[in-house]
Amino acid sequence: MSAKSPSDWRFWYVQHKGTLLAAALFLVMFVIYVSNHPAGFTPNVVQTASKKATLLAFVAMAQCFVVITAGIDLSAGMILILCNCLASWLVVGTPLQTGLGIVAVLLTGLACGLLNGLIIIFGRLQPIVTTIATSAIFFGLALLLRPTPGGSVNEDLADAFTSKLFGIFPTSLIVLALTILIIWVPFSRSVLGRAAYAAGSSENAAYMSGMPIKRAKLAAYALAGLLSAIGGLYLTFFSYTGEAAFASGNAYTLYSIAAVVLGGVSLAGGKGSAIGAVFGALAFRTIGDLLFVFDLDPLWQPLFQGIVLMAAISIGCIGLARVRNRLEWFQ
Amino acid sequence: MNLPEPFFRMDGISKRYGGVIALKDASIAIRPGAIHAVLGENGAGKSTLIKIMAGAVAPDEGRMLLDGGEVSFTSPAAATAAGIVCVFQELSLIPDLSVADNIVISNPPLRFGLIDRRRQRVVAEEALARAGASDIHPSSLVKDLPLSRRQMVEIAKALARRPRLMILDEATSALTQSDVEKVFDVLKRLRSEGMALVYISHRMHEIAALADDCTVFRNGRSIESYPAGTKTDQQVVELMIGREYTNVFPPKPAKPADRAPVLSCRGLSWGDRLSNISFDIRPGEIIGFGGLDGQGQRELLLALFGVLRDTKGSIEVAGQPLALKSPKQAKSGGTSIALIPEDRKTEGLMLPMTVRENLSIAALGSVSRHGVIDRSAEQARIDELLKLLAIKAATIDMPVGALSGGNQQKVVIAKWLMNRPKIILLNDPTRGIDVGTKQEIYALLRKLADDGAAIIFYSTDYDELIGCCDRVLVMYDGSVIRSLEGEEINEHELIASALNINPQAVEQRIGQ
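These protein sequence lines map, in sequence, to chains A and B.
Counting from 1, position 257 in the first sequence corresponds to residue 257 in our numbering; the numbering is continuous, with no gaps.
Counting from 1, position 56 in the second sequence corresponds to residue 56 in our numbering; the numbering is continuous, with no gaps.
There could be a bad hint or two in this list.
[Claimed, not checked] Below, in silico cross-link-like pairs of lysine-lysine (BS3-like), each with a Cα-Cα straight-line distance of 27 Å or less: (1) A:Lys214 x B:Lys143; (2) B:Lys447 x B:Lys252; (3) B:Lys392 x B:Lys447; (4) B:Lys143 x A:Lys17; (5) B:Lys345 x A:Lys214.
[Stated by the list, open to error] Restraint ranges, calculated between C-beta atoms of paired labels, are given here: (6) A:Ala136 x B:Arg203: 57 to 63 Å; (7) A:Leu20 x B:Lys188: 41 to 47 Å; (8) B:Ser332 x A:Val28: 45 to 51 Å; (9) B:Arg118 x A:Gln126: 35 to 41 Å; (10) B:Arg118 x A:Gln301: 46 to 52 Å; (11) A:Pro6 x B:Asp60: 51 to 57 Å; (12) A:Ala39 x B:Arg111: 42 to 48 Å.
[Stated by the list, open to error] Here are a few chain B residues that face chain A, going by a calculated C-beta distance under 10 Å: (13) Asn102; (14) Ser140; (15) Leu141; (16) Lys325.
Think of the hints as simulated: they come from the structure by calculation, not from any bench.
Where a beta carbon is used, it is the ideal one built from N, C-alpha and C, also for glycine.
Start from the sequences, fold in the hints, and give me the full structure.
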């Protein structure tokens with residue numbers, strides 16, 4: 001990058017404020033966590049923390065794609081569960097079979113997202129109800145695949161994806177970073193990505209500017225499905241099994257919404273980035289971990305998590321106190 | 001001087017929206033290297049014309065010729081491809097994207113299929129410089145810019161598409177004086193480079209300073225095209241008005257009795273949108289607010305209804321000073337203000353809810369006891385209003401969205417009358433409704449005034465102001481610049497003061 005003038009940095013800061021705040025929030029919490037951890041800052045502590053956070057990070061990234069277009073994907077968690085169940089059948093056997101299995105799982109996630117997008121964009125149904133309905137369908141399919149928990153996964157592969165690279169870096173974090181680099185960065189810099197932001201920010205203006213709104217939204221939903229599928233694969237790598245877990249699917253969906261908001265992505269659309277959403281997810285998971293290092297009763301976790309979440313989200317709403325036309329509150 | 005031939009023509013263009021005729025048999029011819037001014041009153045069809053030109057709206061009839069060949073634009077993108085670009089009055093910028101993102105939005109420079117941000121920056125800087133706005137930083141977010149800067153970005157965005165024909169719809173209405181001068185220099189330079197410009201403005205002196213050709217629109221028709229400078233201001237104003245005057249208004253009372261004012265407003269200001277507005281209104285009086293669209297009339301009504309924060313100045317209702325904090329407070333017993341909003345579909349009605357629910361929603365307090373709605377009291381009040389306003393609905397339990405526009409508007413008015421308000425604010429209540437309903441609304445307003453209500457009425461239709469109002473306050477740039485009473489309320493005075501040109505001068509020339 002060429003040298004930037006001070007004013008360039010100021011505008012850069014304004015544009016990325018949400019992401020930076022999320023990163024800062026995560027860093028502060030993580031430092032508190034690690035410094036109070038009995039083992040301290042060791043690769044093992046980092047790996048354990050990253051294991052917990054990776055799944056949510058993928059689903060949050062998926063949610064972020066859709067939320068940027070001012071939509072919402074309440075089926076993200078169930079796509080994860082469906083792909084987990086599918087992977088527990090397919091990602092086994094010889095390297096070739098395993099590879100084909102992975103491709104099949106990813107394509108399934110993509111197809112799920114595409115289905116959401118097609119219904120919402122061309123059927124003109126509301127994202128909330130559409131994805132509630134499809135999430136039930138996806139869970140139903142998952143249940144048919146795995147009526148009881150079971151199945152297996154190619155364990156060599158699973159271990160490779162969940163171990164540490166060079167004995168230091170958790171592989172899951174590296175895969176997360178690569179995903180951002182391969183999916184998010186090109187998308188955000190493409191015409192489609194910009195159209196997705198524009199559609200979320202002001203769909204009328206985007207239409208009047210002749211932007212490809214429909215294609216952009218469709219791409220956002222489809223990629224969201226793909227990212228949830230990566231999350232589903234990782235769940236299989238961690239657990240070595242497939243399970244149609246209703247509660248956990250729903251929890252991922254709800255937490256992903258909390259994570260994107262923490263990550264500076266506006267639910268009204270048009271603002272934020274997947275990098276912010278990932279930091280939001282990491283921060284969200286760290287809130288839970290903080291309890292353990294402070295040796296509090298795990299019973300307190302949901303209550304504590306809720307309060308920290310409220311406080312973090314409130315920071316983003318300070319601007320509303322300065323509104324001069326009260327009608328702007330509702331926009 | 002040898003004038004170049006027109007390269008773009010529109011012939012016999014018609015467009016209807018439901019029952020409302022927006023354009024009828026309109027024609028215009030645009031020459032390269034010239035600035036073509038389009039004149040007309042509010043609602044004369046100018047906006048529809050340019051929307052058709054820019055591909056945002058398809059005409060019902062008529063044809064468009066570009067370089068002698070017939071063209072039709074199915075989308076704004078198609079018009080852009082043909083070299084026609086519009087700087088819209090309602091801004092078309094994406095608020096959450098940066099200035100540079102917005103400028104290249106329809107055709108960003110690509111590198112390996114991705115947007116090349118360095119080249120985008122260069123393109124944006126060039127376009128801003130061409131628009132005379134190089135002080136705007138290409139990385140700033142559009143939503144952080146003030147309105148006048150956004151307007152400059154809008155012009156830069158249009159220029160970045162390298163148009164042959166650029167349309168400016170009230171492009172200077174939000175600009176500061178120094179920006180207006182810069183834009184004028186830019187427009188003159190573009191003209192000398194051979195670009196065709198269509199310029200829409202209500203400001204006569206701007207048209208005198210810029211235009212080469214003029215076309216006057218009235219009631220959706222193109223009345224006359226003429227070279228600029230061949231007509232006086234007076235002749236132009238007459239072309240703009242020139243319609244038969246049908247008397248659909250109820251007679252005005254001779255002279256309202258001298259009663260104490262029910263509402264007094266002193267030095268009301270709000271940011272840079274309202275400045276130092278003072279007036280009194282007595283029971284039984286109808287005051288109209290006139291002027292061009294967007295001179296602060298809406299903000300004034302919102303301020304009087306407690307929607308705006310940090311207003312300065314004082315508002316007294318029935319002699320009591322008042323700090324209005326919300327519509328809830330404004331409508332409450334002591335103050336008893338009602339606002340019939342501009343956009344009935346978003347601010348006036350809950351479209352999917354029934355007529356009954358909509359009618360009683362603002363007055364539920366007065367027909368309920370301990371939070372329980374007294375259905376028979378509600379029904380009695382509703383019946384009374386249905387009769388008063390002659391609302392035509394198959395049943396009041398149907399969704400209000402299924403009614404015709406005129407009947408919807410009646411429901412909005414009725415909904416507020418249920419509160420028996422003493423002060424009624426109306427924001428352009430007859431926009432987009434049929435003549436018959438308009439007539440009923442005029443009669444109703446007069447009846448309410450005769451029964452002791454004070455009515456403040458903003459309208460973009462000069463006829464209404466003349467026919468309905470006892471007094472008209474004309475607004476310009478956030479202040480009241482003129483108060484017209486009795487015989488003074490006529491089209492010449494209204495238009496002249498709305499345009500802020502010396503009314504006496506116009507009057508004298510008309511008198512000759």
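So, going through the hints one by one against the coordinates:
The straight-line distance between the Cα atoms of lysine 214 of chain A and lysine 143 of chain B is roughly 24 Å, inside the 27 Å bound, and the hint therefore holds. With a C-alpha separation of about 11 Å, the suggested pair lysine 447 of chain B and lysine 252 of chain B falls inside the 27 Å cut-off, and the hint holds. Restraint check for lysine 392 of chain B and lysine 447 of chain B: satisfied, since their Cα atoms lie roughly 20 Å apart, inside the 27 Å limit. Proximity of lysine 143 of chain B to lysine 17 of chain A is assessed by CA-CA distance (about 15 Å); at most 27 Å being required, the pair is judged to hold.
With a C-alpha separation of about 26 Å, the suggested pairing of lysine 345 of chain B with lysine 214 of chain A holds against the 27 Å cut-off. A beta carbon spacing of about 59 Å between alanine 136 of chain A and arginine 203 of chain B agrees with the range 57 to 63 Å that was offered as a hint. Checked against the hint of 41 to 47 Å, the pair leucine 20 of chain A and lysine 188 of chain B passes, with Cβ atoms roughly 45 Å apart. A beta carbon spacing of about 47 Å between serine 332 of chain B and valine 28 of chain A agrees with the range 45 to 51 Å that was offered as a hint.
For arginine 118 of chain B and glutamine 126 of chain A, the hinted distance range of 35 to 41 Å is satisfied, since their beta carbons lie about 40 Å from each other. Under the hint 46 to 52 Å, the C-beta atoms of arginine 118 of chain B and glutamine 301 of chain A, about 47 Å apart, fit the expected range. The supplied range of 51 to 57 Å is met by proline 6 of chain A and aspartate 60 of chain B, whose beta-carbon atoms lie about 55 Å from each other. Between alanine 39 of chain A and arginine 111 of chain B the beta carbon distance is about 47 Å. The supplied range of 42 to 48 Å therefore holds.
Hint status for asparagine 102 of chain B: holds, given a least beta-carbon distance of 8 Å to chain A, under 10 Å. Taken as an interface hint, serine 140 of chain B checks out: its beta carbon lies about 5 Å from the nearest beta carbon of chain A, inside 10 Å. A hinted interface residue such as leucine 141 of chain B counts as satisfied when its beta carbon comes closer than 10 Å to some beta carbon of chain A; here the least separation is about 6 Å, so the hint holds. For the restraint placing lysine 325 of chain B at the interface with chain A, the shortest Cβ-Cβ distance is roughly 9 Å, inside the 10 Å limit, so the hint holds.
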